[in-house]
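Trainee: Residue strings, one per chain:
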Amino acid sequence: MVNKIWLALILIGFIFAALKGDINIVTQAAFEGAATGVTVCFGLISVLVFWLGIMRLAEDAGLVKKISKLLGPVVSFLFPDVPKNHPAMGYILSNMSANLLGLGNAATPMGIRAMQQLQELNPDKEIASPAMCTLLALNTASITLIPTTLIAIRLNFNSANPAEIVGSTLLATAVATAAAIVADRWYRRRSIRRKLPPTIPPTLSLKR
Amino acid sequence: MLGWINLLSAWAVPVMITFIPLYAYFKRVPVYESFVDGAKDGFSTAIGIIPHLVGMMVAISVFRASGALDFFVGWMTPLLESLRVPPEVLPLGILRPLTGTGSLAFTTDLIKTYGPDSMIGRIASTVQGSTDTTLYVLTVYFGAVGIKNGRYALKVGLFSDIIGFIAAICVCLLLFS
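Protein chains in written order, with UniProt numbering: chain S, 1 to 208; chain R, 1 to 177.
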């Protein structure tokens, strides 16, 4: 699906630019987009290096395991196929709480660490496991308690009550998260029903 | 309540980056070496994401600059007006899953033009605050571990974006009008 969306975005853009009679837009926008991609990654370097350093400390000190033991039951409902006490649980929890607090730039490194841990459990390294899809779903919809950036912007433009959107944001994200969890469960069941039988024979035939 | 929340968000990071090293130190972890060791991963991870992010940004940038986005918005306007939804917020619904910085810029512009306490300003704030940039999250998270086939993850993400957008509008219309 990413393949199709990616191609569609470029193709539709090309057609619109051509119809507008200004095909140069495509070239210009493509290189601008590429530059943005690199800039964003470089911005990520500082955040990732710093937080992954801190996370390693938490891991070496046994904090991640402790958190996952403490709050394991909550997460094991969402991630039934991740073994209890697995370090992935701790990272998933840190990622979720960082999202909840609106600490956007701290949530990403923790999410990446969680993904790396889930990848170790993943039998096929190129295809996302159901647990990975769940983590992603939770992240795209993520329940937000404090939309920090937005409050700051509203403050900037002299809002009478900059924080009045806390309630509406919390409600909207709760609905979005619920929708994500339901959809994730639905697809998870469907994919297990569909994909389990054909994956067994090829591995058997390889061994022979 | 609000003061408490603001306090929590201001203290969360400083407390974490002090408490974790301190706790590790008492657990006899060589704190500096351990930090540097973990931090090394950050660099390679960030570099590894570059191709994924460049690819995505190129497509989104071409799509936006060509005017395709404006066209789809114009096409949807009559339908939205009949639903009492201010059509000005629609581009945000389309932009939000595609680009974080783009949609933030758009939200800021809406707030600037219509005022933060207008219905448009409130809806824009809620939409911007409530979902994350699905394509970015997908690209970065899966890119970092080398997943090529994301299965149904994108469908679920986009589905919850649509639901979140509709929910944001409904909640704002209910709460603020």
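FYI, nobody ran anything at the bench for these hints, they're computed from the structure. Mixed in with the good hints, there may be bad ones.
Unchecked claim - Residues from chain S that keep clear of chain R, each with C-beta distances beyond 12 Å, as calculated:
#  : residue
1  : 7
2  : 38
3  : 61
4  : 69
5  : 73
6  : 74
7  : 76
8  : 77
9  : 80
10 : 81
11 : 84
12 : 85
13 : 134
As the list claims (entries may be wrong) - Under 8 Å between C-beta atoms, here's a sample of chain R residues computed to sit facing chain S:
#  : residue
14 : 37
15 : 38
16 : 45
17 : 54
18 : 67
19 : 68
20 : 79
21 : 105
22 : 111
23 : 117
24 : 120
25 : 130
26 : 154
27 : 168
28 : 171
Each residue gets a CB set at the ideal place from its N, CA and C atoms; glycine is no exception.
Trainee: Which of the listed hints are not met by the structure?
Mentor: 1, 2, 3, 13, 20, 21 and 24
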